[in-house]
Amino acid sequence: MFAEARTTVWTGVRRRILPLRRVSASPGSDDERQTSVTTVAPVDETERLLRRLALNDEESVGMVLASGSEAAPAPLLPKVDLLVQLGALLALGAATSSLRATVDRAIEAGATETEIVGVLVAVAPAVGLARVVSTAPRLAMAIGYDIEADE
Numbered sequence: 001m002f003a004e005a006r007t008t009v010w011t012g013v014r015r016r017i018l019p020l021r022r023v024s025a026s027p028g029s030d031d032e033r034q035t036s037v038t039t040v041a042p043v044d045e046t047e048r049l050l051r052r053l054a055l056n057d058e059e060s061v062g063m064v065l066a067s068g069s070e071a072a073p074a075p076l077l078p079k080v081d082l083l084v085q086l087g088a089l090l091a092l093g094a095a096t097s098s099l100r101a102t103v104d105r106a107i108e109a110g111a112t113e114t115e116i117v118g119v120l121v122a123v124a125p126a127v128g129l130a131r132v133v134s135t136a137p138r139l140a141m142a143i144g145y146d147i148e149a150d151e
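The opening residue of the sequence shown carries number 1 in the working numbering; numbering runs sequentially from there.
Since the hints were derived computationally from the structure, they do not count as laboratory data. Please note that the accuracy of each hint is not assured.
Said to hold, decoys possible - When the alpha-carbon atoms are kept at most 20 Å apart in a straight line, the in silico SDA-like pairs for lysine to any residue are as follows: (1) Lys79 - Ala122; (2) Lys79 - Thr114; (3) Lys79 - Ala149; (4) Lys79 - Ala54; (5) Lys79 - Ala101; (6) Lys79 - Ala91; (7) Lys79 - Gly118; (8) Lys79 - Glu45; (9) Lys79 - Val61; (10) Lys79 - Val117.
Claimed, not checked - Across the chosen pairs, the derived CB separations fall in these ranges: (11) Met63 - Ala149: 28 to 36 Å; (12) Ala54 - Asp146: 40 to 48 Å; (13) Ser134 - Leu55: 33 to 41 Å; (14) Ala101 - Gly62: 21 to 29 Å.
As the structure is a computational prediction, the values presented were derived from the model and not from experiment. Cβ coordinates follow ideal geometry from the N, Cα and C atoms, glycine included.
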């Protein structure tokens, strides 16, 4: 029963309450009352994907893990996608080899070294000082810098 509930996705409609409007009780009557109108809007693909992921729908999770942002209804530009991936890897404290592979792909997609380091700066408030300090040398090596060398 629980497994079925976990994978069932409500893909119907969401209701939106519009502003109140005045209507007469009957034609010609001075007795007015307020009523609200409920409209039905279709669920778009982005919302449907989020619903399925939130419910741990195996097919949707597998699709997203296999294809990344290509699975999203409106995928990011390749450079932006790779910079976001890099931010996630930095936040997780990923190994230098993982950072290097993502940095190389980001550069091929048009990212600059300044943008790549900017990702580390952008995630710093979220990940904290310790993660930034421990990750910065690995990111430097992934870019090709030797930060141990004398300046």
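Do the hints match the structure? See the list:
1. Lys79 - Ala122: The given pair, whose Cα atoms are some 16 Å apart, holds under the 20 Å limit.
2. Lys79 - Thr114: 13 Å, holds
3. Lys79 - Ala149: With a Cα-Cα distance of about 30 Å, the restraint between Lys79 and Ala149 is violated, given a limit of 20 Å.
4. Lys79 - Ala54: Violated, because 27 Å separates the two Cα atoms, which is more than 20 Å.
5. Lys79 - Ala101: 14 Å, holds
6. Lys79 - Ala91: Roughly 18 Å between the alpha carbons, so the hint for Lys79 and Ala91 holds.
7. Lys79 - Gly118: Measuring from Cα to Cα gives roughly 13 Å; hence the hint holds.
8. Lys79 - Glu45: 23 Å, violated
9. Lys79 - Val61: 23 Å, violated
10. Lys79 - Val117: Status holds; Cα separation ~14 Å.
11. Met63 - Ala149: 28 to 36 Å: 45 Å, violated
12. Ala54 - Asp146: 40 to 48 Å: 44 Å, holds
13. Ser134 - Leu55: 33 to 41 Å: Holds: the Cβ-Cβ distance is about 35 Å, inside 33 to 41 Å.
14. Ala101 - Gly62: 21 to 29 Å: Between Ala101 and Gly62, where Cβ atoms are some 22 Å apart, the hint holds.
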